[in-house]
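**Student:** These are the residues of each chain, in order.
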Amino acid sequence: MTEVKKTYKHYVDGKFVRSESGKVYAIDLKNEKYEIPLTSKKDLRDAVTSSKAGFIKWNSLTMYNKSQILYRLSEMIEGNKESYIILLQDHGLSKNEAKNDIENSINTIIWYAGLVDKWEQLTGNLNPVAGEYFNISHQEPIGVTFTLNSNSISLDDLVKSFLPALTVGCSVINFSEKNAVIALKLSEDINNSDFPAGSLNIIAGKFENIVEDVGGHVEIKHAVIYDDISKESKTIIGEKGSESVKRISFQPPTSGLSSILPFIETKTVWHPKGK
Amino acid sequence: MNNWEYAESIESEKIVNIEKKYGHFIQGEFVSPNSKKYLDTISPSTEEVLSSISIGDEKDVDFAVNAAKEGLKQWSKTSPSERSKYLFKLARLIQERSREFAVLESLDGGKPIKESRDFDLPQVAQNFFYYAGWADKIDLAWGNGISKPYGVVGQIIPWNFPLLMLSWKVAPALATGNTVVLKPAETTPLTALLFAELCDEVGLPKGVFNLVTGDGTTGSHLVNHKDIKKIAFTGSTSVGKYIQKSLSGRDVGLTLELGGKAANIVYNDAALDEAVEGVVNGIFFNQGHVCCAGSRLLVQEDIHDVFIDKLEKRMQTLRVGNPLDKNTDIGAINSKDQLDKINELVNEGVNDGGELFQIECELPKNGFWFKPSLFTGVQANYKIATEEIFGPVLTTLTFRTPDEAVEIANNTEYGLSAGIWTEKGSKILWTADRLDAGVVWANTFNKFDPASPFGGYKESGFGREGGRHGLLSYLKASS
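In order, the protein sequence lines correspond to chains P and L. Be aware that the first sequence starts at 1, since it is given in the numbering used here, and climbs by one per residue. Be aware that the second sequence starts at 276, since it is given in the numbering used here, and climbs by one per residue.
Be careful, since some hints might not be right.
[To be verified] Derived EDC-like pairs (lysine to aspartate or glutamate); straight-line CA-CA distance at most 16 Å:
hint: 1; chain 1: P; residue 1: 231; chain 2: L; residue 2: 526
hint: 2; chain 1: P; residue 1: 273; chain 2: L; residue 2: 549
hint: 3; chain 1: L; residue 1: 516; chain 2: P; residue 2: 239
[As the list claims (entries may be wrong)] Partner residues aside, some chain P positions facing chain L, computed with beta carbon under 10 Å:
hint: 4; residue: 63
hint: 5; residue: 64
hint: 6; residue: 69
hint: 7; residue: 72
hint: 8; residue: 75
hint: 9; residue: 76
hint: 10; residue: 197
hint: 11; residue: 232
hint: 12; residue: 244
These aren't lab readings, by the way, just hints derived from the structure by calculation. The structure displayed is predicted, hence computed values, not measured ones. We put the CB at the ideal spot given by N, CA and C, even for glycine.
Same shape as in the complex, but just chain L:
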């Protein structure tokens, strides 16, 4: 099958203005790092160096936490309706400058512009808008017993949805009256740094939002800081476990949003073409760099062949390439490290005996790329069927009965999300009740909304982000 020819339609980079070097944003201003150490952030689609960011050391983190402690004095004196207005203003500014943010996000992270422009940025703005409205209604959300902020909150976010994860963390934390020290991922810090400029622009009191860039060591200093009252982390399950362990015996709140290996269950009575779209979106959205990606396709045995045939045809139409091309469906893999991990797991899948289908397409010479891939003929115990791959690789398993589908779906330490495809309502509800997953998408997949709680069961973490339930992650219960 031939791809249609598309004329390139490249989003201009001119709208962004990237500094050569960035400091941390602490106490309302950019400051040079105490560490005097920097690391390069590159564009994963070209490997071109975009900028140098500061690596926060223990003193940098300490400086930021102290600023947040000072900021807390001011922020707790700020009335809820004033806090609300700051967040509304931030939402508006993000909307106004969303093109700039979207280009920056695609440059620094490799995601297609159509996703950063049409998904990430609208969600970011909406998220600030949504939580802005909660700021002066906290006592209505869960009652008077649950209405006090933690204080200084440390937040560590991943590289897959850099600014969106910032908004999931920062908006509810500030709305509930906490102050923040945020550490963005080392490969995707640029949109967070631009967000810091916006905080200054709206006149957010100094120290309410602080940003320390760096790598894992910086995050570790934040977790271990004695004055942090709560840590919110999104990232891998292994790092989540390390953080939980590090906080043992300390009176520090913790919410974790970790990995997943979601089952996308396709029953034989599903609307198959819609299911194909959903399965494709479920795994190839954002190059599969999605913790809730539908990376395990569970298809009912009697429709396996026809479904795989349709799926492969649809996959072949995906366009891989320049993230800034508006036609691009699949952008660059976020980093060399991540590409190596994907390669390793896929090779292991082939060696184990899995049958690999990859679409025919040309990949750019520079940068990090991986062809959309589909495994069939896989046994449930293969690594490719159990480990989170965080890339554009789908693994197929089959089942005969609904009971078996649920059993396979739940046969994992993870429990973040799941998908169900059937035209039968009672079967949706029956299945949804039995899946160990914090989010269940029925006849849809990868839908998100600031009003909708997101978070996992089991080793996918604890706590929710989004909605009324997301407020609980930043409020302390008192008896």
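Same shape as in the complex, but just chain P:
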């Protein structure tokens, strides 16, 4: 029997889609070669539209609910562990390396799943102001977030490029280039984990094709670059982003409390005390 080969598509708004441009780029693995949809400027805009709606849906879920959805993602990966190991081996990892990486990714997801309903107790506090006021600082998600992942051959690195943002309630457009097959395979498990449509979009292509738009699109509230990109690209994002005072982060921390700090906005509320 002839083997059926999988066509990898982008994952946008809860659906598996090709690029509107019809263009693809190739990822050549040891045993298989894949044609991956190449994100166009229009694809990015579509993803942002979806992410905007996805942010409202994701952020309106209770922390408990979000926590369970992230936990479910780890369950899905656990069930498909073998297929991930094979895929990572096809990318050049040894069986052991691949197995460790998948197990690490599951642990990472569980760590963040457990943080969803706790982080605000670590980042927010009452402020002891000098006067008869109730004064509290708490945090809100910045909103639609674009993340360029680190492009390493690692499921663990990949999940670390969207979990901090999702944990605090941001929606995420996650962008891959070299590791797109891993990301697009993961999108199948994301699709089975009850994420609201648009809360986590997975797209792929050549970052230099969209770098200006990532900086310039005013509905992308935060551009986060986990990969080591060129100074030229950093300058473009910075210059375009400055037009809307965009939050931009280059290679922020990927573990611990400091990993979520770039994704939150502090709101301080005052109220007088009295009789």
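Position chain L relative to chain P; hints supplied.
**Tutor:** Frame of chain P, contents of chain L only:
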């Protein structure tokens, strides 16, 4: 309605001693500028020249940054508890000399003495006191991963709260172990120059605090200096964008505290007299030269007429005049430039069709003044309803439902502050959750405290000043 007659009660200017000419404060001493260029700083209430200050050029800035680099060697060897003590000492000295600072602030900037004396200076001292106590507890604030200073920090501050903004910038920067090059605003440099003298007096190691005076070009040299590791800026959104753009592609930290067009939402179940006080304070505090000023009054439609009536009556009691008169509520507009901007926007508001109410009062002959003003009958798209005016001008819009109030409040690129007036607790919390604003005042407005983080959402900037969160603006995260 007649104003009560008040006898004048003028705070004496004798307490201040202003030099004819000032240099920069670099490496622990005042130095003549390399530029050999000076500019006059005037009193906006009399237009009298108070002094000449140096305009820093590229070499002056370079000299100051190098001094801060040298200072960093010493400052990083200084133990946290010693750093803490320097800041405590500064707080104490500021308290001791606060009358002098307050008079100087009102002379140079035009703000009423009752505000510089009772608001600015107490807050300045408290701010140094507050951050002094953090200096030896940095690792407790956000954990070990976030406890390293940037190094040499460039700070650029505005003219509306000159010494207070200095304290917001300098105290947390020094507490976290950074060294500073500060550029005060060109129209209000005098209190910063007096602060420099205090740094010398407490024996702060040379180069830890450096001051370069000048105009926008001086600020630009500071932003573009290759050895600056972080820029902290408070000022207009347009300059903030320019700075963010200038730093693109460079590994330099940035926090921005920019403009605002805050909504002050008055629901029909508010305590109306208290709300009137809050709305008046929200816009007329410091002549409306406040980035978080409640410049958009959002009043529920069914109480519009009664509320505006009360508001106009209250506005008429405001006393405009000599900043050094202890009775004065509204002082001078900070500069001719700013007065021109206010005039332009107000004229545009009238031409657009807005209805303008201004209080009846006599304005002094010399200096820059603007009568407290209120617009009604305004459409949401008028410039007067969307652009930051930074003056004593309030614009009224109406709403019918809480959802509509939130929608109008958030319909701006800004997101610095907002106010909510209602006696219903659940409505406060519901509204506060939905406002895109870094600071929300419920049944109060324009309250500040060193322990309370301040800063904006959206195009009002990023980063916080004040509180535990303010430390993050001066600490680098390491993974």
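**Student:** Each of the hints needs a verdict: does it hold here or not?
**Tutor:** Structure-based check of each hint:
1. P:231 / L:526: It holds: about 10 Å lies between the C-alpha atoms, which stays within 16 Å.
2. P:273 / L:549: holds (14 Å)
3. L:516 / P:239: Holds: residue 516 of chain L and residue 239 of chain P sit about 9 Å apart, inside 16 Å.
4. 63: Check failed: Cβ of residue 63 of chain P comes no nearer than 14 Å to chain L, outside 10 Å.
5. 64: Constraint on residue 64 of chain P not satisfied, violated at 18 Å.
6. 69: violated (22 Å)
7. 72: violated (27 Å)
8. 75: violated (28 Å)
9. 76: violated (27 Å)
10. 197: This hint is violated: residue 197 of chain P lies away from chain L, its Cβ roughly 23 Å from the closest one there, beyond 10 Å.
11. 232: Since the shortest Cβ distance to chain L is 7 Å, the answer is holds.
12. 244: At about 6 Å, which falls below the 10 Å cut-off, the nearest Cβ of chain L leaves the hint on residue 244 of chain P intact, so it holds.
When each numbered hint is compared with the structure, violations occur for hints 4, 5, 6, 7, 8, 9, 10.
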